[in-house]
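Protein chains in written order, with the numbering used here: chain C, 1 to 329; chain A, 330 to 658.
One thing to keep in mind: the hints can contain errors.
[Claimed, not checked] With a straight-line Cα cutoff of 30 Å, these simulated DSSO-like cross-link-like pairs (lysine-lysine) come out: (1) A:456 / C:316; (2) C:62 / A:338; (3) A:531 / A:391; (4) C:127 / A:509; (5) A:474 / C:127; (6) C:2 / A:525; (7) C:9 / A:391; (8) C:180 / C:196.
What the hints contain is simulated information worked out from the structure, not anything from laboratory work.
There are 2 protein chains.
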Amino acid sequence: MKLSELGEKKIVSALTKGLYTRDFVTLSAGLDDAAAIHRLGEEIVFTSDIMFESSHFPQGMKPEEIGWKAAAANISDVAAMGARPIAFLASFGLPPSLDLSYVRAISRGINDACRAHQCPFVGGDTKKAGELTICGSVIGACPSKSALLRRGNARHGDVVCVTGNLGDAACGAQILLKGKKLNPQADKKLLRAFLKPRAQIKAGLALSSLGAEIAGMDITDGLFYSANEIATASGCGIRIHESMLPFSEEARKFAHSILRASPVRILEWGEDYELLVSMRRKDFPRAKAAVEAAGGRLICIGEAIRETTVYLDGEKVDVHGYDAFLAKR
Amino acid sequence: MKLSELGEKKIVSALTKGLYTRDFVTLSAGLDDAAAIHRLGEEIVFTSDIMFESSHFPQGMKPEEIGWKAAAANISDVAAMGARPIAFLASFGLPPSLDLSYVRAISRGINDACRAHQCPFVGGDTKKAGELTICGSVIGACPSKSALLRRGNARHGDVVCVTGNLGDAACGAQILLKGKKLNPQADKKLLRAFLKPRAQIKAGLALSSLGAEIAGMDITDGLFYSANEIATASGCGIRIHESMLPFSEEARKFAHSILRASPVRILEWGEDYELLVSMRRKDFPRAKAAVEAAGGRLICIGEAIRETTVYLDGEKVDVHGYDAFLAKR
Chain C
1 MKLSELGEKK
11 IVSALTKGLY
21 TRDFVTLSAG
31 LDDAAAIHRL
41 GEEIVFTSDI
51 MFESSHFPQG
61 MKPEEIGWKA
71 AAANISDVAA
81 MGARPIAFLA
91 SFGLPPSLDL
101 SYVRAISRGI
111 NDACRAHQCP
121 FVGGDTKKAG
131 ELTICGSVIG
141 ACPSKSALLR
151 RGNARHGDVV
161 CVTGNLGDAA
171 CGAQILLKGK
181 KLNPQADKKL
191 LRAFLKPRAQ
201 IKAGLALSSL
211 GAEIAGMDIT
221 DGLFYSANEI
231 ATASGCGIRI
241 HESMLPFSEE
251 ARKFAHSILR
261 ASPVRILEWG
271 EDYELLVSMR
281 RKDFPRAKAA
291 VEAAGGRLIC
301 IGEAIRETTV
311 YLDGEKVDVH
321 GYDAFLAKR
Chain A
330 MKLSELGEKK
340 IVSALTKGLY
350 TRDFVTLSAG
360 LDDAAAIHRL
370 GEEIVFTSDI
380 MFESSHFPQG
390 MKPEEIGWKA
400 AAANISDVAA
410 MGARPIAFLA
420 SFGLPPSLDL
430 SYVRAISRGI
440 NDACRAHQCP
450 FVGGDTKKAG
460 ELTICGSVIG
470 ACPSKSALLR
480 RGNARHGDVV
490 CVTGNLGDAA
500 CGAQILLKGK
510 KLNPQADKKL
520 LRAFLKPRAQ
530 IKAGLALSSL
540 GAEIAGMDIT
550 DGLFYSANEI
560 ATASGCGIRI
570 HESMLPFSEE
580 ARKFAHSILR
590 ASPVRILEWG
600 EDYELLVSMR
610 RKDFPRAKAA
620 VEAAGGRLIC
630 IGEAIRETTV
640 YLDGEKVDVH
650 GYDAFLAKR
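Whenever a hint applies, use it, and build me the whole structure from the sequences.
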């Protein structure tokens with residue numbers, strides 16, 4: 001059967017069956033944002049993300065921004081595990097017709113993102129390709145298996161939180177892709193959220209340091225999609241309350257006056273690099289204190305429930321994220 | 330300036346200048362087969378290799394063989410550092426028109442190679458792409474910084490060795506690509522060397538365990554190319570003696586009777602997964618004993634010299650490997 005008839009989930013599921021493993025592998029392919037390998041008493045997390053110009057780098061994105069985003073996407077997967085990134089590799093596929101200055105600008109963008117996240121940029125590979133391709137790989141470290149923020153760690157009754165404002169990046173994407181505009185100052189902030197996202201390393205580390213059982217993942221594929229991933233992996237559901245969702249003033253205004261929609265409607269577009277986390281209610285006060293002490297925020301947006309469904313207030317949410325393999329275009 | 334006017338070396342050099350690093354990074358981009366990060370008293374080596382159907386997977390290669398080779402190429406870079414591979418990730422770019430069974434067969438080939446090299450296959454990424462793309466990433470472990478087999482570790486007076494027969498894989502490539510044939514039994518052996526190469530992990534580990542200063546890299550890009558890499562990184566030259574080069578009976582016959590050439594002429598085609606190593610003469614006997622105790626071979630093929638040139642007997646060797654960016658096709 002052709003991949004275009006199956007969609008990403010089924011492809012991944014077919015590709016990750018029966019993989020060779022050994023006893024020091026803590027987390028293997030499939031479920032979490034990164035694999036984890038037990039090594040000398042700690043967990044080495046390891047993840048990779050591949051991007052192609054035709055799908056992932058919209059027209060209008062500068063090469064520095066392409067590089068930044070490729071690095072940040074990988075580093076965010078490490079942050080989502082509650083680990084500290086320790087090294088990044090970039091493997092490039094490059095059309096020979098590209099200008100060196102363009103490729104250097106991409107590399108500079110990667111390097112800037114690595115510096116901003118204190119993650120050394122240690123190498124990679126360079127090959128000829130028909131299409132600009134960037135495959136980033138990153139390793140990180142987490143002190144113990146129990147500290148990892150696994151998708152399957154949510155339990156009904158949990159408090160469900162995010163680490164910051166939602167929707168800014170989706171608005172920024174509309175500015176870049178559709179030329180929509182609110183006002184120069186707001187546009188700049190929203191564009192920046194889309195083009196130069198920051199991985200939530202400090203929040204992830206603050207949470208993993210608590211010694212509590214906490215579920216986490218980033219919401220780059222959309223809040224509801226991620227909520228469903230955590231719910232499915234944990235065997236529970238999640239109820240999100242619209243009134244509790246944190247939006248910036250700019251995102252609210254952009255949604256209402258430019259997109260003529262409630263800001264909650266743009267959350268399925270993803271692109272935010274905040275974390276979605278779920279923890280026991282008793283752990284929430286010290287988790288919030290720890291994240292705030294690290295300079296971040298922890299905002300309760302709902303709770304985990306017994307029924308295996310994602311709700312926005314009373315309504316079931318469509319949790320099917322965008323699927324490039326199924327998309328007709 | 331366009332990449333097609335520069336070639337790979339200049340591109341890589343431009344992309345690896347001034348990368349963000351930190352004090353725990355032992356080896357960064359550029360010189361060696363892998364980066365190395367100091368962590369809890371050991372070295373974590375980390376490398377990535379990207380392959381595209383149009384350049385790297387010749388017609389006639391089965392999907393299992395594509396997968397095997399993608400994994401083995403990465404694992405060989407870890408072996409060349411004297412490290413033990415501990416986890417492998419594969420990120421795929423997949424045309425939606427591909428059949429799932431084809432992609433599963435690639436994944437099976439990767440998994441088989443991972444099992445053969447005792448390296449867990451722990452995950453990766455899957456994206457839509459115009460061209461079949463496989464980016465492998467691997468981490469490995471080496472007990473200490475001084476144990477790493479670095480390209481720059483050669484010194485004039487060194488013994489220069491390889492870990493096994495040369496040219497089998499290049500003959501196998503001719504069988505697959507050009508339909509040339511010697512006899513069924515020989516063809517099978519030579520094809521296998523090209524399609525299912527084995528990384529020299531045990532030999533690499535045996536050498537790194539000696540506590541001696543040893544240079545190493547694999548010779549997948551060609552023996553003379555690799556000799557020049559080690560020579561350049563070490564600030565010396567290498568003299569190789571044709572009479573000392575180990576060829577299998579099959580490669581000798583194939584070269585002479587099918588290619589009408591001396592077998593040394595096919596070594597620039599690369600594809601062998603043996604290691605090229607350089608060590609102090611005093612360390613050679615125990616190095617040979619250690620590699621043989623691990624089930625491998627260590628064959629002296631020449632010596633490192635003061636003059637910064639690679640010689641085959643008395644002649645300077647053309648050390649420019651194939652450059653996909655400069656190639657006119």
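Query - Hints violated by the structure (numbers, ascending) - result: none
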